[in-house]
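S.K.: Chain by chain, the residues:
Number of protein chains: 2
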Amino acid sequence: MVKKEGLNVALVGATGAVGQQLLTTLAERSFPIKTLKVLSSPRSAGKKIDFNGETLTVEEATPEQFDGVDIAFFSAGGSVSKQLAPEAVKRGATVIDNTSAYRLDEQVPLVVPEVNEGDLHKHQGIVANPNCSTIQMVVALEPIKKAYGLKKVIVSTYQAVSGAGLSAVDEMYEQTQQILNDEAISPELLPVSKDEKHYQIAFNAIPQIDVFQDNGYTFEEMKMVNETKKILNDSDLPVSATCVRLPVETSHSESVYVETEKGGATAKDMQGVLKEGAGITLQDDPATQTYPLATDAKGLPDVFVGRVRQDLDAENGYHLWVVSDNLLKGAAFNSVQIAESLVELGLTKR
Amino acid sequence: MVKKEGLNVALVGATGAVGQQLLTTLAERSFPIKTLKVLSSPRSAGKKIDFNGETLTVEEATPEQFDGVDIAFFSAGGSVSKQLAPEAVKRGATVIDNTSAYRLDEQVPLVVPEVNEGDLHKHQGIVANPNCSTIQMVVALEPIKKAYGLKKVIVSTYQAVSGAGLSAVDEMYEQTQQILNDEAISPELLPVSKDEKHYQIAFNAIPQIDVFQDNGYTFEEMKMVNETKKILNDSDLPVSATCVRLPVETSHSESVYVETEKGGATAKDMQGVLKEGAGITLQDDPATQTYPLATDAKGLPDVFVGRVRQDLDAENGYHLWVVSDNLLKGAAFNSVQIAESLVELGLTKR
Numbered sequence: 001m002v003k004k005e006g007l008n009v010a011l012v013g014a015t016g017a018v019g020q021q022l023l024t025t026l027a028e029r030s031f032p033i034k035t036l037k038v039l040s041s042p043r044s045a046g047k048k049i050d051f052n053g054e055t056l057t058v059e060e061a062t063p064e065q066f067d068g069v070d071i072a073f074f075s076a077g078g079s080v081s082k083q084l085a086p087e088a089v090k091r092g093a094t095v096i097d098n099t100s101a102y103r104l105d106e107q108v109p110l111v112v113p114e115v116n117e118g119d120l121h122k123h124q125g126i127v128a129n130p131n132c133s134t135i136q137m138v139v140a141l142e143p144i145k146k147a148y149g150l151k152k153v154i155v156s157t158y159q160a161v162s163g164a165g166l167s168a169v170d171e172m173y174e175q176t177q178q179i180l181n182d183e184a185i186s187p188e189l190l191p192v193s194k195d196e197k198h199y200q201i202a203f204n205a206i207p208q209i210d211v212f213q214d215n216g217y218t219f220e221e222m223k224m225v226n227e228t229k230k231i232l233n234d235s236d237l238p239v240s241a242t243c244v245r246l247p248v249e250t251s252h253s254e255s256v257y258v259e260t261e262k263g264g265a266t267a268k269d270m271q272g273v274l275k276e277g278a279g280i281t282l283q284d285d286p287a288t289q290t291y292p293l294a295t296d297a298k299g300l301p302d303v304f305v306g307r308v309r310q311d312l313d314a315e316n317g318y319h320l321w322v323v324s325d326n327l328l329k330g331a332a333f334n335s336v337q338i339a340e341s342l343v344e345l346g347l348t349k350r
Numbered sequence: 001m002v003k004k005e006g007l008n009v010a011l012v013g014a015t016g017a018v019g020q021q022l023l024t025t026l027a028e029r030s031f032p033i034k035t036l037k038v039l040s041s042p043r044s045a046g047k048k049i050d051f052n053g054e055t056l057t058v059e060e061a062t063p064e065q066f067d068g069v070d071i072a073f074f075s076a077g078g079s080v081s082k083q084l085a086p087e088a089v090k091r092g093a094t095v096i097d098n099t100s101a102y103r104l105d106e107q108v109p110l111v112v113p114e115v116n117e118g119d120l121h122k123h124q125g126i127v128a129n130p131n132c133s134t135i136q137m138v139v140a141l142e143p144i145k146k147a148y149g150l151k152k153v154i155v156s157t158y159q160a161v162s163g164a165g166l167s168a169v170d171e172m173y174e175q176t177q178q179i180l181n182d183e184a185i186s187p188e189l190l191p192v193s194k195d196e197k198h199y200q201i202a203f204n205a206i207p208q209i210d211v212f213q214d215n216g217y218t219f220e221e222m223k224m225v226n227e228t229k230k231i232l233n234d235s236d237l238p239v240s241a242t243c244v245r246l247p248v249e250t251s252h253s254e255s256v257y258v259e260t261e262k263g264g265a266t267a268k269d270m271q272g273v274l275k276e277g278a279g280i281t282l283q284d285d286p287a288t289q290t291y292p293l294a295t296d297a298k299g300l301p302d303v304f305v306g307r308v309r310q311d312l313d314a315e316n317g318y319h320l321w322v323v324s325d326n327l328l329k330g331a332a333f334n335s336v337q338i339a340e341s342l343v344e345l346g347l348t349k350r
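Heads up: the protein sequence lines correspond to chains Y and V, in order. Those letters in the first sequence? Residues 1 to 350, by my numbering. Those letters in the second sequence? Residues 1 to 350, by my numbering.
These are calculated hints, taken from the structure and not from any lab test. Treat the hints loosely; a few may be bogus.
Label pairs and their calculated CB-CB ranges [claimed, not checked]:
(1) Y:299 with V:214: 45 to 53 Å
(2) V:215 with Y:276: 52 to 60 Å
(3) Y:344 with V:261: 27 to 35 Å
(4) V:266 with Y:233: 25 to 33 Å
(5) V:118 with Y:104: 31 to 39 Å
(6) V:261 with Y:105: 23 to 31 Å
(7) V:266 with Y:234: 46 to 54 Å
(8) Y:268 with V:55: 38 to 46 Å
The calculated lysine-lysine pairs, modelled on PhoX-like cross-linking and capped at a C-alpha distance of 25 Å, are [unchecked claim]:
(9) V:229 with V:197
(10) V:349 with V:122
(11) V:122 with Y:152
(12) V:146 with V:262
(13) Y:145 with Y:48
(14) V:122 with Y:262
(15) Y:152 with V:151
(16) V:152 with Y:145
(17) Y:262 with V:152
The beta-carbon is built from N, C-alpha and C at its ideal position, and this holds for glycine as well.
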């Protein structure tokens, strides 16, 4: 495809769950594309992909593919990014990396545009897109931080299976049908495909996302902790997380407890602050049973916040229920927002 | 049925989810039964029920049915307990009530035997069985309280559908099959049958259990708050809860954050304390991906605790994952334990 105006874009990992959402989001938001290359591992090369009515052929991702590319989205796992992102940068591309490879690299801005768009000015070729569960939480925390300051954050997550990839979604649905049929099941992917043991996800809740770290927390939990501090530019902010996988296809839900520096705001004050927050849609009315639901959030770019309550004992404590589509604001949509910000700020070239 | 030794027992609500588990538990634990009456609403009267190889006929629960009864288990909703428990007491029965009707009544002990068996001495005819989500949490909190004292508790729950009754379980499975078939669904029961709106539970997470209170918390959340304080005999203990319904048939999971009075215990210290706790089975080894799972806990009386971690910032903060069968330790098993304690302490008669 060739257009007069726009950027030369490459997408690595085009056949994955996030890759497919990236293509949809680029099309829906009419991102200014001049040429688009869809790249992947050798295994998926040759596959056909629809984009805006055109059929594109997936090609193998090699260093040379990035010649002439302006923006390269990476969404094919950390090892691919580690290997190829520097090659893309060397050839002049700006990389928006959706893996965890560079997120905590001090040279790499980790960006949620509603929160820290300004950090893009510091990029040296790579911009990291945060972890899905982190993004939706920091979008909700940012207006609270601005209004009252943050003192402590504790989050328990209710995460969707699509965060583990399309094959995990297949496993969930297949296993669900087998259980309904009273057939034997054989979990092979969840909670972590590369880990030794696999557990039933259908009609269950698994308190493990990604592998365990030496401190007893999982890597997903430590992502939430470390990325939140980096994005909010507050390395001393106390953040702790418990991450749990649920039999939900798409959209992560989060039960977030926040203590603020300034106390005394009522739940209504907090709702007002959240309602005005960038990227947030407040859904909070107990009288009409209005609160965010994973099934409602699917396919929408917003971060939905509800169940806003003042803690019963701490006058500076608040409870929130935060829901967002993990493949959109949690991944593809945020990545495209980063690209848009780079264009707007004139930062696609260093 | 007539035996020489034992008590005259009545069970109100014999056809419900908890009622059926009560019958199984009474049989499994060889509770000393002389006669057993199975009672229910007029609608279910006449139904046949198996108990220990015998077939019992369900009879309508009327005041006169309690003549000569020693222990009456109530599990047919709060309004039935409000109406008939005093009638049973008047006729000399000791009532073990599994509804919320009397839980916060100052005259009524609210008992989890591992925690506050001694409160049974104060009973005046009625003993209340706490809410399912509360029971498993206080079993986990009690040894922590004894060893280090409790300063603050924050819980986010992952609750099973059977807590809303057998018809809710049917709705979940039926709805799941409809979604797998790509058919339209029409939620009618969950999250709260008597509430106005009903939402999809299959492949979803609903942040509402029971009706909303004026303070923005749900009744389930306030049960956890108020019952925990009463059972632990600490009305000043800060407790806050967010209660969420999941597409899980049986066993509630809970992400519990605890701050202790005495700080400095390591996660290993805490594991040691929990391992010795009455009613607790510790399942906690990240190296072998060992942690409690709802599907594993089903059918077992234990409270399973794992994912024990020290908070990353608060040296007196700890995170736990607490799982138990909501129909057993959360209801039937705890009720039978109360009955056993009453017998052992000679408290079946006032």
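S.K.: Now tell me if each hint is right for this structure.
M.R.: Checked hints:
With their beta carbons about 34 Å apart, residue 299 of chain Y and residue 214 of chain V fall outside the hinted range of 45 to 53 Å. For the pair residue 215 of chain V and residue 276 of chain Y, the supplied restraint of 52 to 60 Å is violated, since their beta-carbon distance comes to about 24 Å. Roughly 53 Å separates the CB atoms of residue 344 of chain Y and residue 261 of chain V, a value that falls outside the hinted 27 to 35 Å. Checked against the hint of 25 to 33 Å, the pair residue 266 of chain V and residue 233 of chain Y passes, with Cβ atoms roughly 31 Å apart.
For the hinted restraint 31 to 39 Å between residue 118 of chain V and residue 104 of chain Y, the CB-CB distance of approximately 52 Å leaves it violated. Evaluation of the 23 to 31 Å hint for residue 261 of chain V and residue 105 of chain Y yields a failure: the beta carbon distance comes to about 41 Å. With their beta carbons about 27 Å apart, residue 266 of chain V and residue 234 of chain Y fall outside the hinted range of 46 to 54 Å. Range check, residue 268 of chain Y to residue 55 of chain V: Cβ separation about 58 Å, and the 38 to 46 Å hint is violated.
Under the criterion of a C-alpha separation no larger than 25 Å, the hint pairing residue 229 of chain V with residue 197 of chain V is inconsistent with the structure, at around 31 Å. A hinted pair counts as satisfied when its Cα atoms are at most 25 Å apart, and residue 349 of chain V with residue 122 of chain V qualifies at roughly 12 Å. Proposed proximity of residue 122 of chain V and residue 152 of chain Y is contradicted: the alpha carbons are some 41 Å apart, above 25 Å. For the hint linking residue 146 of chain V to residue 262 of chain V, the alpha-carbon distance of about 11 Å falls within 25 Å, and the restraint holds.
A distance of roughly 45 Å separates the Cα atoms of residue 145 of chain Y and residue 48 of chain Y; the hinted pair therefore is violated under the 25 Å criterion. The suggested pairing of residue 122 of chain V with residue 262 of chain Y is violated, with an alpha-carbon distance near 44 Å, which exceeds 25 Å. Of the pairs offered as hints, the one joining residue 152 of chain Y and residue 151 of chain V holds, with about 16 Å between alpha carbons and a cut-off of 25 Å not exceeded. This hinted pair checks out: residue 152 of chain V and residue 145 of chain Y have alpha carbons roughly 23 Å apart, not beyond 25 Å.
For the hint linking residue 262 of chain Y to residue 152 of chain V, the alpha-carbon distance of about 20 Å falls within 25 Å, and the restraint holds.
Consistency note: the structure conflicts with the earlier hints numbered 1, 2, 3, 5, 6, 7, 8, 9, 11, 13 and 14.
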